[in-house]
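Participant: Spelled out from the first residue to the last, the chains are:
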Amino acid sequence: GAVVSQHPSWVICKSGTSVKIECRSLDFQATTMFWYRQFPKQSLMLMATSNEGSKATYEQGVEKDKFLINHASLTLSTLTVTSAHPEDSSFYICSALASGGLDTQYFGPGTRLTVL
Amino acid sequence: AQRVTQPEKLLSVFKGAPVELKCNYSYSGSPELFWYVQYSRQRLQLLLRHISRESIKGFTADLNKGETSFHLKKPFAQEEDSAMYYCALGLSGGYQKVTFGTGTKLQVIP
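Residue numbers (the numbering used here), protein chains in the order written: chain A, 14 to 129; chain B, 39 to 148.
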C-alpha cells in the first residue's frame with residue numbers, strides 16, 4: 014500500500030529557531046498533501062492544504078508566515094515552523110492524497126516538536 | 039461549516055460484546071464520511087468509508103442522513119480492536135478538506 018514518511022520523527026529546538034519537517038510519499042505521486050496539528054488527547058486540526066506547484070491554502074487562524082509550506086515536487090512537501098515558540102510544541106502530521114479511483118488520504122507517522 | 043461530533047471520549051467493552059462508536063455530523067452539502075483508526079504507536083489509517091459500503095475487520099458503518107449519523111459497529115469486539123477511532127467528514131465531490139471528530143478511545147477488556 015501507499016506509504017507516507019515524515020522526517021524527523023521528533024525534534025527539540027530552542028525558542029526563536031526555525032524547524033523544517035518533511036513529508037514524502039514514497040511510492041506514489043501526490044499533487045495534494047495536508048498538514049495537521051494534534052494537541053495531546055485532541056483531534057487532528059487541519060492547518061493547510063499543500064498543492065504541488067502552487068501556494069498552500071491555509072485554514073482560518075493559521076499564520077502562513079509562521080508555518081511556511083513548500084510543495085516543490087509530487088512526492089515532497091515541507092513545513093517550516095519559523096521562529097518557534099513553546100506554544101508551537103505539538104504533534105504535526107501530514108497526509109498525502111493518492112489520486113485515481115477513490116481518492117484516499119495516507120497519513121505520515123507524525124513529527125513531535127518540542128520548543129524549549 | 040462542517041462539524042463532526044463523537045460524544046464518547048472512551049468506550050470500554052468486554053471481549054465478545056457488541057461495539058457501537060457514535061458519530062454525528064453537520065454539513066449542508068452531500069457528505070462523504072470516513073472512519074479512521076489509530077492503533078497504539080501507529081499512524082492514522084483509513085478503516086472504512088461510507089461510499090464503499092464494505093466491512094473491514096468486522097466493522098460496518100451506515101450513513102443515516104435523516105439522523106446525520108455514521109455510527110461504527112461491530113457485533114463482537116476483539117482485544118486487537120483497542121485503538122483510537124476518528125470519524126471524519128469530507129466535502130462532497132472531493133477530499134480537499136476533511137474534518138475530524140475528537141475521537142473515541144475503544145478499550146476492549148479481555
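Be a bit skeptical, because a hint or two may be false.
From the structure, some residues in chain B lie toward chain A, with a derived Cβ separation under 8 Å [to be verified]:
#1 PRO45
#2 LEU48
#3 ALA55
#4 VAL57
#5 LYS60
#6 ARG81
#7 LEU82
#8 GLN83
#9 PHE138
#10 THR140
Read the hints as simulated data drawn from the structure, not as lab findings. The model shown is predicted, which means the values in this text are computed figures rather than measured ones. In this text, a Cβ means the ideal position worked out from N, Cα and C, and glycines have one as well.
Participant: For every hint, state whether the structure bears it out.
Facilitator: Status of each hint after checking the structure:
1. Checking B:PRO45 against chain A by beta carbon gives a least distance of about 13 Å; that is not within 8 Å, so the hint is violated.
2. Residue-level restraint check for B:LEU48 is violated (minimum Cβ-Cβ distance to chain A is 11 Å; threshold 8 Å).
3. Against a cut-off of 8 Å between C-beta atoms, the interface hint on B:ALA55 is violated, since the closest Cβ of chain A lies about 25 Å away.
4. At about 20 Å, the closest approach between the beta carbon of B:VAL57 and any beta carbon in chain A exceeds 8 Å, and the interface hint on this residue is violated.
5. Hint status for B:LYS60: violated, given a least beta-carbon distance of 15 Å to chain A, over 8 Å.
6. Hint status for B:ARG81 relative to chain A: holds, with the closest Cβ pair at about 5 Å, below 8 Å.
7. Hint on B:LEU82 holds. Least Cβ distance to chain A is approximately 4 Å, under the 8 Å limit.
8. At about 7 Å, the closest approach between the beta carbon of B:GLN83 and any beta carbon in chain A falls short of 8 Å, and the interface hint on this residue holds.
9. Using the Cβ-Cβ criterion of 8 Å, the hint placing B:PHE138 at the interface with chain A is satisfied: the shortest such distance is roughly 5 Å.
10. A least Cβ separation of about 4 Å between B:THR140 and chain A falls short of the 8 Å threshold, and the interface hint therefore holds.
The structure fails to meet hints 1, 2, 3, 4, 5 from the earlier list, while all remaining hints are met.
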